[in-house]
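Each chain is listed here by its residues.
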Amino acid sequence: GESVGLHLPTLSVQEGDNSIINCAYSNSASDYFIWYKQESGKGPQFIIDIRSNMDKRQGQRVTVLLNKTVKHLSLQIAATQPGDSAVYFCAEGFGGYSTLTFGKGTMLLVSP
Amino acid sequence: DAGITQSPRYKITETGRQVTLMCHQTWSHSYMFWYRQDLGHGLRLIYYSAAADITDKGEVPDGYVVSRSKTENFPLTLESATRSQTSVYFCASSTGTGEVGYTFGSGTRLTVV
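One line per chain: the protein sequences are A and B, in this order. Residues 3 to 114 in our numbering are what the first sequence lists, from first letter to last. Residues 29 to 141 in our numbering are what the second sequence lists, from first letter to last.
So here's chain A without its partners, still in its complex pose (with noise of 0.2 Å):
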């Protein structure tokens, strides 16, 4: 099917590692961050979300954290295993409901 990861930053890592996705936001008034994880030929999917009075949250294998002063979000994924390979994308939004702006994402390949 059609590839959304070509063109794209590219992290290559090894099963078993630890991955860590950037992300530079561009909204300094954001006050809600998420990752998404998408597969090949499917929709993105939810990770983790963060508010701004955040700077860490912790999920299932997973870390966001937040640095609001250089506007900054990573996603920190413990113990990486093949069916983690996807891209990931962040998004952010502000003020009590607003539509989300999302980044242009990050291809993870993890090799056995």
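For the record, the hints were derived by calculation from the structure and aren't laboratory data. Hints may be right or wrong, so weigh each one.
Claimed, not checked - Straight-line C-alpha distance at most 27 Å; calculated DSSO-like pairs for lysine-lysine: (1) A:K106 / B:K39; (2) A:K73 / A:K106; (3) B:K98 / B:K85; (4) A:K106 / A:K70; (5) B:K85 / B:K39; (6) A:K106 / A:K58; (7) A:K106 / A:K44; (8) A:K106 / B:K85; (9) A:K44 / B:K39; (10) B:K39 / B:K98; (11) A:K70 / A:K58; (12) A:K44 / B:K98; (13) A:K106 / B:K98; (14) A:K58 / A:K73.
This one's a predicted model, so the numbers in the text were calculated from it and none came from an experiment.
Start from chain A and add chain B according to the hints.
Just chain B, lined up with the frame of chain A:
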């Protein structure tokens, strides 16, 4: 089944033809969205809707029309398809309150020839 469903999954149409992409959600989410995804551009918002009969333009609305007569449906129409509208189209929905993360459909791959 509960969820968000897009149809068709794949569509090939000719330049100048009208084509409608369907989106149906079973959660009664207030908000629904249409995005297109292209290499090098990521996900770009076409239109969104906050409730039935309320729609608003996104980043790239030209050449598209939407309607939302029922909460659960949000069709996207290309009135006169152009080759630049060849893309993968994603529909998403959200409650719009509290956690505002979207749930996406599986996408429609549209090719305009």
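Here's how the hints hold up against the structure:
1. At most 27 Å may separate the alpha-carbon atoms for a hinted pair to count; A:K106 and B:K39 meet this at roughly 25 Å.
2. For the hint linking A:K73 to A:K106, the alpha-carbon distance of about 16 Å falls within 27 Å, and the restraint holds.
3. Distance hint between B:K98 and B:K85 is fulfilled; the C-alpha atoms sit about 18 Å from each other, no more than 27 Å.
4. Pair hint A:K106 plus A:K70 holds up; C-alpha atoms about 20 Å apart against a cutoff of 27 Å.
5. The suggested pairing of B:K85 with B:K39 holds, with an alpha-carbon distance near 24 Å, which does not exceed 27 Å.
6. Distance check on the hinted pair: A:K106 and A:K58 sit about 22 Å apart at the alpha-carbon level, within 27 Å; holds.
7. Simply put, A:K106 and A:K44 have alpha-carbon atoms about 16 Å apart, close enough for the 27 Å limit, and the pair holds.
8. Under the criterion of a C-alpha separation no larger than 27 Å, the hint pairing A:K106 with B:K85 is consistent with the structure, at around 21 Å.
9. The hinted pair formed by A:K44 and B:K39 meets the criterion: a straight-line CA distance of about 16 Å does not exceed 27 Å.
10. The hinted pair formed by B:K39 and B:K98 meets the criterion: a straight-line CA distance of about 24 Å does not exceed 27 Å.
11. For the suggested pair A:K70 and A:K58, the alpha carbons sit about 11 Å apart, so the restraint of at most 27 Å is met.
12. Proximity of A:K44 to B:K98 is assessed by CA-CA distance (about 26 Å); at most 27 Å being required, the pair is judged to hold.
13. The suggested pairing of A:K106 with B:K98 is violated, with an alpha-carbon distance near 32 Å, which exceeds 27 Å.
14. Simply put, A:K58 and A:K73 have alpha-carbon atoms about 14 Å apart, close enough for the 27 Å limit, and the pair holds.
Of the hints listed earlier, the one the structure fails to meet is number 13.
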